[in-house]
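Chains as they are written, first to last, in our numbering: chain A, 60 to 224; chain B, 60 to 224.
Think of the hints as simulated: they come from the structure by calculation, not from any bench.
As the structure is a computational prediction, the values presented were derived from the model and not from experiment.
Please note that a few of the clues may not be correct.
Unchecked claim - Some but not every residue of chain A turned toward chain B, in silico, with C-beta under 8 Å:
| # | residue |
| --- | --- |
| 1 | SER89 |
| 2 | SER114 |
| 3 | LEU116 |
| 4 | GLN183 |
Stated by the list, open to error - Here are some of the chain B residues that sit facing chain A, going by a computed Cβ distance under 10 Å:
| # | residue |
| --- | --- |
| 5 | THR84 |
| 6 | ARG96 |
| 7 | PHE98 |
| 8 | PRO134 |
| 9 | PRO135 |
| 10 | HIS137 |
| 11 | PHE149 |
| 12 | CYS187 |
| 13 | ARG204 |
| 14 | VAL214 |
Unchecked claim - Cross-link-like lysine-lysine pairs, in silico, DSS-like; alpha carbons within 25 Å at most:
| # | chain 1 | residue 1 | chain 2 | residue 2 |
| --- | --- | --- | --- | --- |
| 15 | B | LYS144 | B | LYS121 |
| 16 | B | LYS209 | A | LYS209 |
| 17 | A | LYS144 | A | LYS121 |
| 18 | B | LYS144 | B | LYS117 |
| 19 | A | LYS161 | B | LYS209 |
| 20 | A | LYS144 | B | LYS209 |
| 21 | A | LYS201 | B | LYS161 |
| 22 | B | LYS209 | A | LYS117 |
| 23 | A | LYS201 | B | LYS144 |
| 24 | A | LYS161 | B | LYS121 |
| 25 | A | LYS117 | A | LYS144 |
| 26 | B | LYS144 | A | LYS144 |
| 27 | A | LYS161 | B | LYS117 |
| 28 | A | LYS161 | B | LYS161 |
| 29 | A | LYS121 | B | LYS161 |
| 30 | B | LYS117 | A | LYS117 |
Where a beta carbon is used, it is the ideal one built from N, C-alpha and C, also for glycine.
So the chains spell out like this:
Protein chains: 2
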Amino acid sequence: MKWTEVSEQQCSVARASAVLGDRWTLLLLSDIFLGVRRFEEFQERLGISRTTLTSRLKLLEKHGVISRVRYQDNPPRHEYRLTGKGHDLFPVLSTIINWGDKYYTDDYGPPILRQHINCATDVQPILCCPDCHDEIDARSIKARRRPERKGVPDVRRGPVVRSGK
Amino acid sequence: MKWTEVSEQQCSVARASAVLGDRWTLLLLSDIFLGVRRFEEFQERLGISRTTLTSRLKLLEKHGVISRVRYQDNPPRHEYRLTGKGHDLFPVLSTIINWGDKYYTDDYGPPILRQHINCATDVQPILCCPDCHDEIDARSIKARRRPERKGVPDVRRGPVVRSGK
Numbered sequence: 060m061k062w063t064e065v066s067e068q069q070c071s072v073a074r075a076s077a078v079l080g081d082r083w084t085l086l087l088l089s090d091i092f093l094g095v096r097r098f099e100e101f102q103e104r105l106g107i108s109r110t111t112l113t114s115r116l117k118l119l120e121k122h123g124v125i126s127r128v129r130y131q132d133n134p135p136r137h138e139y140r141l142t143g144k145g146h147d148l149f150p151v152l153s154t155i156i157n158w159g160d161k162y163y164t165d166d167y168g169p170p171i172l173r174q175h176i177n178c179a180t181d182v183q184p185i186l187c188c189p190d191c192h193d194e195i196d197a198r199s200i201k202a203r204r205r206p207e208r209k210g211v212p213d214v215r216r217g218p219v220v221r222s223g224k
Numbered sequence: 060m061k062w063t064e065v066s067e068q069q070c071s072v073a074r075a076s077a078v079l080g081d082r083w084t085l086l087l088l089s090d091i092f093l094g095v096r097r098f099e100e101f102q103e104r105l106g107i108s109r110t111t112l113t114s115r116l117k118l119l120e121k122h123g124v125i126s127r128v129r130y131q132d133n134p135p136r137h138e139y140r141l142t143g144k145g146h147d148l149f150p151v152l153s154t155i156i157n158w159g160d161k162y163y164t165d166d167y168g169p170p171i172l173r174q175h176i177n178c179a180t181d182v183q184p185i186l187c188c189p190d191c192h193d194e195i196d197a198r199s200i201k202a203r204r205r206p207e208r209k210g211v212p213d214v215r216r217g218p219v220v221r222s223g224k
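So that you can see chain A by itself, here it is in the shape it has in the complex (with noise of 0.2 Å):
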């Protein structure tokens, strides 16, 4: 199956992953996230090539995530912002940065320190119930597939069900 056909699947995951699933687009995620707003700034703080960084920026513009704003009109120059599903990122990029800091930092911690700023406390978000405010982990959770409806479209790939061994 070539890629363009799992991203049309129904499955959210495989849509989902046909924005987020490349290197570049995480990194520059996450830089928009931590202000940065401008071609330039983002050619100058990721080291990208112009035409790689015109296509990540597109294809984020093209799914909603971003949108090009023009900040000055002579001579025109155009700055990117996240859209309402765009911040609706937050959570991925944070958890990323979660496991990022867990595993993958130097000798002196995490390079970047996040506040919440209602307890001012530095911290690392955490999943939890909206229901219950439990934290949430692979354990706490079971999944299975949406029931079976006349005219609903069936689940391609839900989760195993194991008989046995």
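For this one, chain A is given, so just place chain B on it according to the hints.
Just chain B now, with coordinates in the frame of chain A:
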């Protein structure tokens, strides 16, 4: 700059992205969290070529995210299991699924429902402060470089501090 140089940077996002920044890898991890363990199962579910699948499994094994375990001796058969480091990716996959479920599902809602076992509620896990347990979004966090100290390498890609415009 070449990607290999970027992934050697101290920036933990760069290093984490070297593992996660690939479409097939994200789909593969999503399947592993759904209980898939065997080469042929991955291949069948993802429609991925043997070569691509092999390279992605090897990368994940090299980074200690999964381990290859023999489950049968005659003939020898192996399966792939998450390590502790792999289980720590659960929040990353969960937040990607949340985002995919919000923006990329069909008209019938999320294909896979996730129940929090403790409280028996179908949930989309949220990001919380580990200290005060408030929900966290982009606006509730302030990022800063780690303090400069003698002998500690400078942070290459810290948050942007804007003066004026």
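Evaluation of the provided hints:
A least Cβ separation of about 4 Å between A/SER89 and chain B falls short of the 8 Å threshold, and the interface hint therefore holds. Taken as an interface hint, A/SER114 does not check out: its beta carbon lies about 14 Å from the nearest beta carbon of chain B, beyond 8 Å. The beta carbon of A/LEU116 is not positioned within 8 Å of any beta carbon in chain B (closest approach about 16 Å), and the interface hint is therefore violated. Of the supplied interface hints, the one on A/GLN183 holds, with its beta-carbon coming within about 7 Å of a beta-carbon of chain B, less than 8 Å.
At its closest, the beta carbon of B/THR84 sits 7 Å from a beta carbon of chain A; the interface hint therefore holds under the 10 Å criterion. A least Cβ separation of about 8 Å between B/ARG96 and chain A falls short of the 10 Å threshold, and the interface hint therefore holds. Violation of the interface hint for B/PHE98 is found here, the shortest Cβ-Cβ separation to chain A being roughly 14 Å, above the 10 Å cut-off. At a threshold of 10 Å, the smallest CB-CB gap from B/PRO134 to chain A is about 16 Å, leaving the interface hint violated.
This hint is violated: B/PRO135 has a C-beta 16 Å from the nearest C-beta of chain A, more than the 10 Å allowed. Given the 10 Å rule on beta carbons, the hint for B/HIS137 is violated: about 14 Å separates it from the nearest Cβ of chain A. Using the Cβ-Cβ criterion of 10 Å, the hint placing B/PHE149 at the interface with chain A is satisfied: the shortest such distance is roughly 4 Å. Of the supplied interface hints, the one on B/CYS187 holds, with its beta-carbon coming within about 4 Å of a beta-carbon of chain A, less than 10 Å.
For B/ARG204, the interface hint holds, the least distance from its beta-carbon to any beta-carbon of chain A being 6 Å, beneath 10 Å. About 4 Å separates the beta-carbon of B/VAL214 from the nearest beta-carbon of chain A, less than 10 Å, and the hint is met. Between B/LYS144 and B/LYS121, the direct Cα distance comes to roughly 12 Å. Compliance with the 25 Å bound is thereby established for this hinted pair. A threshold of 25 Å between alpha carbons decides the hint, and for B/LYS209 with A/LYS209 the separation of about 67 Å lies outside it, so the pair is violated.
For the proposed pair A/LYS144 and A/LYS121, the alpha carbon gap of about 12 Å is at most 25 Å, so the pair holds. Distance restraint check for B/LYS144 and B/LYS117: the Cα-Cα separation of roughly 15 Å lies within the 25 Å cut-off, and the hinted pair is therefore satisfied. At roughly 23 Å between alpha-carbon atoms, A/LYS161 and B/LYS209 fall within 25 Å of each other, so this suggested pair holds. With a CA separation close to 41 Å, the supplied pair A/LYS144 and B/LYS209 exceeds the 25 Å bound.
Between A/LYS201 and B/LYS161 the alpha-carbon distance is near 19 Å, which keeps this suggested pair within the 25 Å criterion. Among the hinted pairs, B/LYS209 with A/LYS117 is inconsistent with the structure: their alpha-carbon atoms are about 41 Å apart, more than 25 Å. Restraint check for A/LYS201 and B/LYS144: the C-alpha separation of about 20 Å stays at or below 25 Å, so the hint holds. Of the pairs offered as hints, the one joining A/LYS161 and B/LYS121 holds, with about 17 Å between alpha carbons and a cut-off of 25 Å not exceeded.
Distance check on the hinted pair: A/LYS117 and A/LYS144 sit about 15 Å apart at the alpha-carbon level, within 25 Å; holds. Distance check on the hinted pair: B/LYS144 and A/LYS144 sit about 29 Å apart at the alpha-carbon level, beyond 25 Å; violated. With a C-alpha separation of about 21 Å, the suggested pairing of A/LYS161 with B/LYS117 holds against the 25 Å cut-off. Annotation: proposed proximity of A/LYS161 to B/LYS161 is violated, straight-line Cα distance about 28 Å (limit 25 Å).
Under the criterion of a C-alpha separation no larger than 25 Å, the hint pairing A/LYS121 with B/LYS161 is consistent with the structure, at around 17 Å. Between B/LYS117 and A/LYS117 the alpha-carbon distance is near 31 Å, which puts this suggested pair outside the 25 Å criterion.
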